[in-house]
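Between the sequences and the hints, there should be enough to build the whole structure, so can you do that?
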Amino acid sequence: MSNALSVRGLTKSYRGRRVLDGLTFEVPEGAIALYLGPNGAGKTTTFRLLSGLEAPDAGEIHVFERPWDPRVRRFLGVTLEEPRFYPWLTGLENVEIAFRYRRVKNPARAALKALERVGLTYAARRRFRDYSLGMRQRLYLAAQLFPGVRLLLLDEPTNGLDVEGREEVWSTLQALTRQGVSLFVSTHQVLEAERFAEYLVVLHKGRVAYQGTYRDLAKRRRFVLRVDDVAEALAALRAAGFEAFLGRRPGELYVENTAGKVDRLLACLTEAGVQVLDQRFEDLEELYWRIKDGLERAA
Amino acid sequence: MKHDHWTGGCPDPAEAACAQDLRVVYRPPFARPKVALVAASLRLKRGVSLGVVGPNGAGKTTLLRVLAGLIRPDRGEARALGLDPADDRPALMRRVGVLLSGARHFPDRWNVSDALNFVAAMYGVPRSRVGELVEAFGLTGKEREPLSALSLGNRQRLNLAVVFVHDPELVLLDEPTLALDAQTVETFAHFLRQRLGQGMSAVITSHDHAALGKLVDDVLLLDQGVTHVPQGPVTDYARMVLVTDRPVTFSLPAEVRVEGNRLELPNDPRLVVQVLDRLDLEGLKVMEMRTQNGVEVIARTQVGGGL
Amino acid sequence: MSALVRAALIKVKADLAEQLRYPIQFIFGWLTTGAVLWGLGLAAARTSGTEAGVGALATYVAMGAVSLFYLIPRLLAGGKDHPPEEAMLYPYPLARVVAVLASVNAVQIALGLIGVYFLAALAVTRHAPAIGVALEGMALALLGAAGAGFLLFALKLVFRKVDGLAVLVQLGFFAAAFTPGLRPDWIAAVPVAGAVRWLREPELSPLPVFLFGILWVLVGLLAVARAEREVVARGVAGYE
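One line per chain: the protein sequences are U, X and R, in this order. Just so we're aligned: the first sequence equals residues 39 to 337 in my numbering. Just so we're aligned: the second sequence equals residues 16 to 322 in my numbering. Just so we're aligned: the third sequence equals residues 24 to 263 in my numbering.
If you are wondering where the hints come from, they were derived from the structure by calculation, not from laboratory data. Bear in mind that the values here come from a model prediction, so they are computed numbers and not experimental data. Certain hints may be false.
[Unchecked claim] Looking from chain X toward chain U, a few residues come up when the C-beta cut is under 7 Å (computed):
1. Lys-60
2. Asn-71
3. Asp-196
4. His-222
5. Asn-282
6. Thr-306
7. Glu-311
8. Arg-315
[Claimed, not checked] Not everything, but these chain X residues come out facing chain R in the computed CB check (under 7 Å):
9. Arg-42
10. Pro-43
11. Pro-44
12. Arg-109
13. Val-113
14. Asp-129
15. Asn-132
16. Phe-133
17. Ala-136
18. Gly-139
19. Gly-156
20. Lys-157
The beta-carbon is built from N, C-alpha and C at its ideal position, and this holds for glycine as well.
And the structure:
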């Protein structure tokens, strides 16, 4: 499995402030890789460097195993800012114009094909100003689906969209990976990562806090229990040999995943007279906090 | 999901907020009327935080506006803190904090102190309260910063602080977590919980279902102007999704919804483990295991699809 | 009520803070304004045949009144082209908020302009002008202008894009006040023009102008109250 993207030691500072600090990660080919991090963490900066809009202060970028050079743009699509589409032209015409800029052969035919890929054929001849937000996001995507595109860098493609809009965009993205396009999508919404990521690169203070498959990260899930007496519960569980910790929220505690022993765990608590108000598996957001806390403590 | 509404109007003045079968129509001059709410109902007790989710254009902001007295419903009844919002808006505003579309606007050249002091003076609240809020919302050290120079995140903190200046009994927040990082959301959640414990109530709308999950106890789904009430608390709706390598052909406990090789079940470790053991027994490999928070699940419920 | 006044003062202070940070530019700005207005006043006096000093004063008064008229619809707008919904989130009826904010601004304008008028008069004519008359004239003009301003605020709240109308009205005020020979009997009812006319003929009683001014204010505030109710009925305060 080759890498669509390979970044080593990427560093960038703005006005004396170091935004990216020796960033090193890989993005596999043909998958949905999510770039996760809070706003201002450096995701957009990374994309600007990867697309060649700016040069890094240090570090190397390899795209499909080859060192970065401007020709990379022939198969690299980027959505960073909203492109300036003309509201009075149709969706199809706007994409055609974008393709003409790129000197795509047969831009009209390529534009139609691009619209097909994002599921907007039905609105091809509708004016852009009549497009809903979800449709607009998909059109931005279409403008990057020029012939030969192999890797897409998408900066928060579901920003500002409601539930339906997000579903539309994500099903389009999933369809694209099935067609062989590699996706590197930035987001600060952990819930989206939870649902759609196959691969994750977590950014924290300019460095990579975690990178790997979603599955591997998800394996680290602990149980989260909300109880009426945390101290009692902790004592009881530890005495029974479980690895239990105080949770982030009041009344909550975590127990290391001990798959076959859930019944024993719950029985132990019942014996200790502790009432379990809620029990579930840790979600990605909590895993994410753990990664950050771990880094912070190590720093 | 329950499709029936409450009935009987809003007779209880002790409720923090109440709405019964609201029908709301916008009537801008020289434009066509636009129906925003068709049949919306809501019940909010004191000390409770209620989230409202739904697609864009469903009417979430309109619902808040009705409770704030900014629009009078065509039909139906609305009450906030026992008052009719449209009739008694100024009196209500003394006890209610409102944040619409995530923002409060002040002239750009004002600084943080100016904005807070102005609002404090408008409500007749002592200056000392301003200091408390600056601290609670992490704006210490930024009091002299002009608003135009604030980052989006800090601007949002100010917007939130302004809502609480007069110690409201009820807050109506539309998209309060825009531009806030996860840490700030947690801090705000903590602040909110304290106030809720003191009897304050809240109605909060947001697209960010992860953040909303931290701020609310109950959720109301609003879709195309109609409200739908989930059967239980949000936590009941947390889900675990399992994807196996082959479709499931055997039967599993009733709470597990099976669609080929995709299983959806409540995020209850005992049940999950039971299912995992069963899958293991039948020789199926689990390729994916993903959680979904309750708010997200409720928000994605299609009307009629049910849960 | 006092809370509202205190808030208004804070607003004034905050609005001025930016300018006071550059005191030299601030003072220079006012001096330039003073000089320009004096010059305009002299020119106006020439064309209409009135005495130079009165002409100058008339210009100051008109300028102050029209400034207030311009300001009122923008009192709570924060730079947008319509008053935001938030104006209605305060625990007061909108008319009261607007009235108090307008009053505080009116006092600011009156003191500021009359102060500059005083200094300019001293500089040019070398003796102090009659401040009483100046203040009275300014007050009369401000009343009418405020009323008209409230009316425009009300229209803006419901109909949004009334800037074109506002500009026309401003021009109308100046025209009514300074067109030579335009002196119908009912001029006392016209904001700004009525006050300017009284300045030119101080032997006339100021009462009609005063009463009409009060009437304008009442009508204006009633319009704001009515607009508030209309906006709630239609739900258009925040509707884009």
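* Asked: Failing hints, ascending?
  -> Numbers 1, 19, 20, in rising order.
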